[in-house]
Amino acid sequence: MRLKIAVIEQDRDRALQIVDGLAEAGDGYEVAVIGDVAGLERRLKALDPDLVLIDLEDPTRDVLEELALVSGSTERPVAMFVDRTDDTLTRAAIEAGVSAYVVDGLRRDRIKPVLDAAIARFNLFSRMRRELDATKAALAERKTIDKAKGLLMAAKGLSEEEAYALLRKTAMDQGRKIHDVAAALVTASELLR
Amino acid sequence: MSRTVVDCGFLALVDCAPLVIAREMGFAAEEGLDLVLHREASWSALRDKLALERLTAAHMLSPVPVAMSMGIGGLAVPIDALMVLSVNGNTIGVSGSLAAAMRARGVANDVMAAESVGRTLIAAAERQLRVGVPFPVSMHAELLYYWLGGLGLTAPQDLRVRTVPPPRMAQAMAEGEIDAFCVGEPWGSLAVEAGVAEIILPGCAIWRFAPEKVLAVRRAWVTAEPEIAIALMRAVWRAGRWLADPAHRVTASELLAAPHYLDVAAERIERVMAGRLVVTPGGAEREVARLVEFFDGAATFPWRSQAVWMASRLAARFGLDRAEAAAAARACFRPDLYRAALGPLGADLPGASEKLEGALAVATPVASSEGEMSLGPDVFFDGQVFDPEAPS
Numbered sequence: 001m002r003l004k005i006a007v008i009e010q011d012r013d014r015a016l017q018i019v020d021g022l023a024e025a026g027d028g029y030e031v032a033v034i035g036d037v038a039g040l041e042r043r044l045k046a047l048d049p050d051l052v053l054i055d056l057e058d059p060t061r062d063v064l065e066e067l068a069l070v071s072g073s074t075e076r077p078v079a080m081f082v083d084r085t086d087d088t089l090t091r092a093a094i095e096a097g098v099s100a101y102v103v104d105g106l107r108r109d110r111i112k113p114v115l116d117a118a119i120a121r122f123n124l125f126s127r128m129r130r131e132l133d134a135t136k137a138a139l140a141e142r143k144t145i146d147k148a149k150g151l152l153m154a155a156k157g158l159s160e161e162e163a164y165a166l167l168r169k170t171a172m173d174q175g176r177k178i179h180d181v182a183a184a185l186v187t188a189s190e191l192l193r
Numbered sequence: 194m195s196r197t198v199v200d201c202g203f204l205a206l207v208d209c210a211p212l213v214i215a216r217e218m219g220f221a222a223e224e225g226l227d228l229v230l231h232r233e234a235s236w237s238a239l240r241d242k243l244a245l246e247r248l249t250a251a252h253m254l255s256p257v258p259v260a261m262s263m264g265i266g267g268l269a270v271p272i273d274a275l276m277v278l279s280v281n282g283n284t285i286g287v288s289g290s291l292a293a294a295m296r297a298r299g300v301a302n303d304v305m306a307a308e309s310v311g312r313t314l315i316a317a318a319e320r321q322l323r324v325g326v327p328f329p330v331s332m333h334a335e336l337l338y339y340w341l342g343g344l345g346l347t348a349p350q351d352l353r354v355r356t357v358p359p360p361r362m363a364q365a366m367a368e369g370e371i372d373a374f375c376v377g378e379p380w381g382s383l384a385v386e387a388g389v390a391e392i393i394l395p396g397c398a399i400w401r402f403a404p405e406k407v408l409a410v411r412r413a414w415v416t417a418e419p420e421i422a423i424a425l426m427r428a429v430w431r432a433g434r435w436l437a438d439p440a441h442r443v444t445a446s447e448l449l450a451a452p453h454y455l456d457v458a459a460e461r462i463e464r465v466m467a468g469r470l471v472v473t474p475g476g477a478e479r480e481v482a483r484l485v486e487f488f489d490g491a492a493t494f495p496w497r498s499q500a501v502w503m504a505s506r507l508a509a510r511f512g513l514d515r516a517e518a519a520a521a522a523r524a525c526f527r528p529d530l531y532r533a534a535l536g537p538l539g540a541d542l543p544g545a546s547e548k549l550e551g552a553l554a555v556a557t558p559v560a561s562s563e564g565e566m567s568l569g570p571d572v573f574f575d576g577q578v579f580d581p582e583a584p585s
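Protein sequence lines, in the order shown, are assigned to chains S and P.
Quick note, the first sequence lines up with residues 1 to 193 if you use my numbering.
Quick note, the second sequence lines up with residues 194 to 585 if you use my numbering.
So that you can see chain S by itself, here it is in the shape it has in the complex:
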């Protein structure tokens, strides 16, 4: 029987990443993405998944917690995955930021490949996000430094190299980062304008 997996993820790119990861892990999965958390309960009931994956940092997690606690006798009982037995896998999942809810009685050998694939994708995604953030920050810093150089060149008739050398010397003398000195200069010039 194909394992039915619901992925709760509002970020479309991220949802696709997870779906891809699960497809790579095997073809025994039927994956549905829930991108809108309004009416979540109803949608989950309609899908009736064996396993639900959700970002640990998603506030909607608490709704799943309720479903895990109060599923009635007519519904299939749901257990939180991070509850018993496999401590290593649980920790790896929490470290990666993924939480999983499974239907009671689902065999561990069926859960593990799904979790492994999800963990790998979550890790990949957060690495990509970190890289993107770092690139953005570096670009923003360079922009500020360029602006500060321009201000110095105009105000003191310096060349670009001289302007940069002045920024660097000031930063070293004051034990600050070049970017911080540049930002202070840019702010000051905006105030004086």
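It should be emphasised that the hints constitute simulated quantities derived from the structure, not laboratory data.
These figures come from a predicted structure and were not determined experimentally.
Honestly, I wouldn't trust all of these hints.
[Claimed, not checked] Incomplete in silico selection of chain P near chain S, CB under 10 angstroms:
hint, residue
1, TRP236
2, ILE265
3, GLY266
4, VAL326
5, THR356
Here a beta-carbon is modelled for each residue, glycine too, at the ideal position from N, C-alpha and C.
Starting from the known structure of chain S, fit chain P onto it as the hints suggest.
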């Protein structure tokens, strides 16, 4: 001198104030701690991170340690409540249409009249009442079941208590997913401000002195690091005492308003701390004594009788053995550590660690380590008295 780092998780609510103040006003630093606060997105994530040692301490819903020790929800890791962080602080709101239907029936103009307001609500609700709470195991849910259950509503036929993350509460109300909510401030007031709800009661109209959040840690950690636990309790207790001074409300509100804490306007926070509740989108305001309390009336003392009350309510709902539940609950509230940590500071300590819950209609002097202290009022809306020795 290097300070001991304590990673503590919290959710963005007014009642995380003792932790924020312990850090920002230097009480933690004075105790040699670097109290690092981490804002979490959900109660389940906070609970799991605490259990799996990603966090050392947590701003936790008071019934959660009790529930975990009873095997309800989450991992089977023993979590203890070192002290109570806050008492009260929730509000109950209804949709605009339900409020209108209640007015048509002549609802009492008194936000503390839980019984008559509740009866009007039940009469005005035409079908199953769907009420949003932040978490299935919470004082919010307990208060609702106690109040509406006591007035004759049976769950789940007449009453459906549903989990809705607080940031979605106003939206869920606007979209007709819920008819009412019970939620911690500032979320109730924000729903009123958004024009989608009216507040009909503060939580304290149901139980005048309900322990709302506790300072939770792993039992294994407190056994291994009692000195750090004591330092943490002292810092948080001092923060609570500082918060009890009305002169500090403006500063406290400004600190809490910061983007990395609550990220809402300071005026709103200050209003809650001052016990002023805006109940209608039109701006009608009510004064509520102890809308949220951080210190007075021995608010921070972890009464084992409070734990037993929660355990016996949970046991009844989940069909568990009450005596076992009461024993587990007693073990996870730690007045023993509270006494050891705060006695030497000159904190006034009650003579007993259990009491009747709901017996005090007015503030009442009782025997304490310093001679006499004032407890209560702590009555339930229906006048029932809970005896932890004979839980019913």
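Hint check results:
no., hint, verdict
1, TRP236, "holds (5 angstroms)"
2, ILE265, "holds (7 angstroms)"
3, GLY266, "holds (6 angstroms)"
4, VAL326, "holds (9 angstroms)"
5, THR356, "holds (4 angstroms)"
Checked against the numbered hints listed earlier, the structure breaks none of them; every hint is satisfied.
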